[in-house]
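Construct all of the structure, not just a fragment, from the sequences and the given hints.
Number of protein chains: 2
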Amino acid sequence: MTIFLYDLVAEADRRPSPFCFRIKLALAHKRLAFETAPVAMTDIKALEGGAFKTVPILKDGERVVGDSWAIADYLDEAYPDHPPLFHSPEERGLCRFLEAWLFSGVLQQVLRFYLKDIHDLLLEKDRAYFRQSREARFRCTLEEAAAGREARLDAMRAGFDPARITLTHQGQPFLSGQTLGYADCILAGVFLWIEAIGTVPLLVEGDPLVAYLERVRASLAR
Amino acid sequence: MTIFLYDLVAEADRRPSPFCFRIKLALAHKRLAFETAPVAMTDIKALEGGAFKTVPILKDGERVVGDSWAIADYLDEAYPDHPPLFHSPEERGLCRFLEAWLFSGVLQQVLRFYLKDIHDLLLEKDRAYFRQSREARFRCTLEEAAAGREARLDAMRAGFDPARITLTHQGQPFLSGQTLGYADCILAGVFLWIEAIGTVPLLVEGDPLVAYLERVRASLAR
Chain A
0 MTIFLYDLVA EADRRPSPFC FRIKLALAHK RLAFETAPVA MTDIKALEGG
50 AFKTVPILKD GERVVGDSWA IADYLDEAYP DHPPLFHSPE ERGLCRFLEA
100 WLFSGVLQQV LRFYLKDIHD LLLEKDRAYF RQSREARFRC TLEEAAAGRE
150 ARLDAMRAGF DPARITLTHQ GQPFLSGQTL GYADCILAGV FLWIEAIGTV
200 PLLVEGDPLV AYLERVRASL AR
Chain B
0 MTIFLYDLVA EADRRPSPFC FRIKLALAHK RLAFETAPVA MTDIKALEGG
50 AFKTVPILKD GERVVGDSWA IADYLDEAYP DHPPLFHSPE ERGLCRFLEA
100 WLFSGVLQQV LRFYLKDIHD LLLEKDRAYF RQSREARFRC TLEEAAAGRE
150 ARLDAMRAGF DPARITLTHQ GQPFLSGQTL GYADCILAGV FLWIEAIGTV
200 PLLVEGDPLV AYLERVRASL AR
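Protein chains in written order, with numbering that gives the first Met the number 0: chain A, 0 to 221; chain B, 0 to 221.
No lab work stands behind these hints, which were simulated from the structure alone.
Certain hints may be false.
Stated by the list, open to error - Every beta carbon over 12 angstroms from chain B, so not counted as near; a handful from chain A, in silico:
{"id": "1", "residue": "A36"}
{"id": "2", "residue": "G60"}
{"id": "3", "residue": "R95"}
{"id": "4", "residue": "R130"}
{"id": "5", "residue": "A135"}
{"id": "6", "residue": "R136"}
{"id": "7", "residue": "D153"}
{"id": "8", "residue": "L191"}
{"id": "9", "residue": "A220"}
Claimed, not checked - Across the chosen pairs, the derived CB separations fall in these ranges:
{"id": "10", "chain 1": "A", "residue 1": "P37", "chain 2": "B", "residue 2": "C139", "range": "34 to 42 angstroms"}
{"id": "11", "chain 1": "B", "residue 1": "R136", "chain 2": "A", "residue 2": "F3", "range": "16 to 24 angstroms"}
{"id": "12", "chain 1": "A", "residue 1": "E149", "chain 2": "B", "residue 2": "P37", "range": "47 to 55 angstroms"}
{"id": "13", "chain 1": "B", "residue 1": "D160", "chain 2": "A", "residue 2": "P207", "range": "19 to 27 angstroms"}
{"id": "14", "chain 1": "A", "residue 1": "T1", "chain 2": "B", "residue 2": "V199", "range": "57 to 65 angstroms"}
{"id": "15", "chain 1": "B", "residue 1": "V209", "chain 2": "A", "residue 2": "R136", "range": "29 to 37 angstroms"}
Quick caveat, the model's predicted, so the values are computed rather than measured.
Every residue gets a Cβ at the ideal spot worked out from N, C-alpha and C, and that includes glycine.
Next up, the structure:
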C-alpha cells in the first residue's frame, strides 16, 4: 500500500510548506515510498472529515495522521525495520530544541522576509486567506513586511550561524553527526522550502550550508 | 580508584568554569564518585607535564584526559555499565549543535556581562592574565565591557528563549526529553557557573529556567 502525503501546493506545482518538506525528507530517510497529494491551503479543512487544520497529513492505508511530530513518531512506530528517525528519546528531545531555536528566532526573520513571495506564488483561491491571517499575525501588511528587506538579508542569513559552526568547525557533516537524522530533515526542510518559493536566495555560493544541503540530497538519493 | 577533576578555582573556593560544571554534572549523571582538585588559572599549564591549557582535566588512575568533549567520550567508553552521556551518535551531534548555539551567540552576551565579575573574584595571581587575555579578545577593557550592562540584561536573558520554549511549550522537562542528558549538563553548567560568579542573577523568580535548574539538581541528587 502506497503512503500518501497531503502536501501544500502553490502555482506551477510549487510546494510552499517547510513542514511538508521535513516529512518528505523523513520518508526518504526511512526509505519509504510515497506519493504526494497536492492540496490548496483553503482546502485542508475539507480533507479527511475536517479533522485537520494544517498539512502535512499522512495517509497510510486506513491510518490518517496529522502534525509533523505525530507523523514522525508514527513512522518510527509503524516501520521499525526501516532506518529510525529517532534513535533515542534524547535525540527526539534535542530535535524539539532545534525546532524551538529555528522557529522562535531565525525563522521569524525568514518568514517575514519571504511573506510576500509566498503570497504571490500561492494559488489564487488561497491568497485572500493568506493575506488576512498573516497580516494579523505580523501586525503589518505583506507589503510592509517586504519593504526594505534587502537591508535585513545579512542578519537573516547570520541567524543560521549555529548550524554553520556545527557543520564546519566541529568535524561533523550533519547536525546529527556523521549521518543524516531527523534534525537534518527539520533544517534542510527549511532550505528546500525557501528554494521553492523565494525570489531572493537564502543560501548563496560559498556558504557551507550549500554544501550541507548537497550532502543531505546525496544522502537521501542513495 | 577515585576520579579526580582539576577544577578552576577562584576566591572563597568559588568555581568559575562552565566547562568544569558541565563535567561535574556529567559525572553525577553517570553516578561516578569524584573529587575536584582546585587549580588556579595560571597554574593549569604546569599540570600533568604541561599537556593542557584549559580545564577540565580528568584523572582516572593512570589516564589523564583534557577537553570536555574528550572527557565525555572517555567516560562513556570507560564506564559502559553506568548511565550513558550519549545514547547515540545522533544525540552527541545535536549536543554539539546546542554548544554551537550557546557559545556562538547567547554566551558571548553573558560572558561580556559578567567579565568584570569573574575578574574580581579570581585569585589575585590570575587577575592580570585574565584581564590581558580577555581585553584582547573582547577588544575593550573589562570596565568598558561592564559599562551600562543593566540595559543589556533583558536581551541577555531572552537569548535563552529557545530553551524556555522547549521546556515549557513542548511538554518535556529536560532539553533531552523526559530525562536528563548531556545536553542538560551543558546548559545547566552555564547556569551553575553564573550562580557561582555573578553579582547580578541571570535567572530570576518566575523564569521557567529556575524550575528547570531545580529539576536538574533533583535528578542528580537521586
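To see whether the hints hold, each was checked on the structure:
For A36(A), the shortest C-beta to C-beta distance to chain B comes to about 29 angstroms, beyond the 12 angstroms cut-off, and the non-interface label holds. For G60(A), the non-interface assignment is confirmed: its Cβ lies about 29 angstroms from the closest Cβ of chain B, beyond the 12 angstroms cut-off. With a minimum CB-CB distance of about 5 angstroms to chain B, R95(A) fails to clear the 12 angstroms threshold, and the non-interface call is violated. Listed as a non-interface residue, R130(A) keeps its Cβ farther than 12 angstroms from every Cβ of chain B; the least gap is roughly 27 angstroms.
Taking the minimum C-beta to C-beta distance to chain B, about 21 angstroms, the non-interface status of A135(A) holds against the 12 angstroms cut. A cut-off of 12 angstroms between C-beta atoms confirms that R136(A) is not in contact with chain B; the least separation is 17 angstroms. Non-interface status of D153(A) relative to chain B is upheld: no Cβ of that chain comes within 12 angstroms, the nearest being about 15 angstroms off. In this structure L191(A) is separated from chain B by more than 12 angstroms, as the shortest Cβ-Cβ distance comes to about 19 angstroms.
Separation of A220(A) from chain B is adequate, the least Cβ-Cβ distance of about 20 angstroms exceeding the 12 angstroms criterion. For P37(A) paired with C139(B), a C-beta distance near 55 angstroms fails the hint of 34 to 42 angstroms. Taking 16 to 24 angstroms as the suggested C-beta distance range, the pair R136(B) and F3(A) does not conform, at roughly 55 angstroms. Between E149(A) and P37(B), the C-beta spacing of about 53 angstroms keeps the proposed range 47 to 55 angstroms intact.
One distance hint, 19 to 27 angstroms for the beta-carbon pair D160(B) and P207(A), holds here, with the actual separation near 25 angstroms. With their beta carbons about 59 angstroms apart, T1(A) and V199(B) fall inside the hinted range of 57 to 65 angstroms. V209(B) and R136(A) have their C-beta atoms about 30 angstroms apart, which keeps the hinted 29 to 37 angstroms range intact.
In the structure shown, a violation is registered for the earlier hints numbered 3, 10 and 11, in ascending order.
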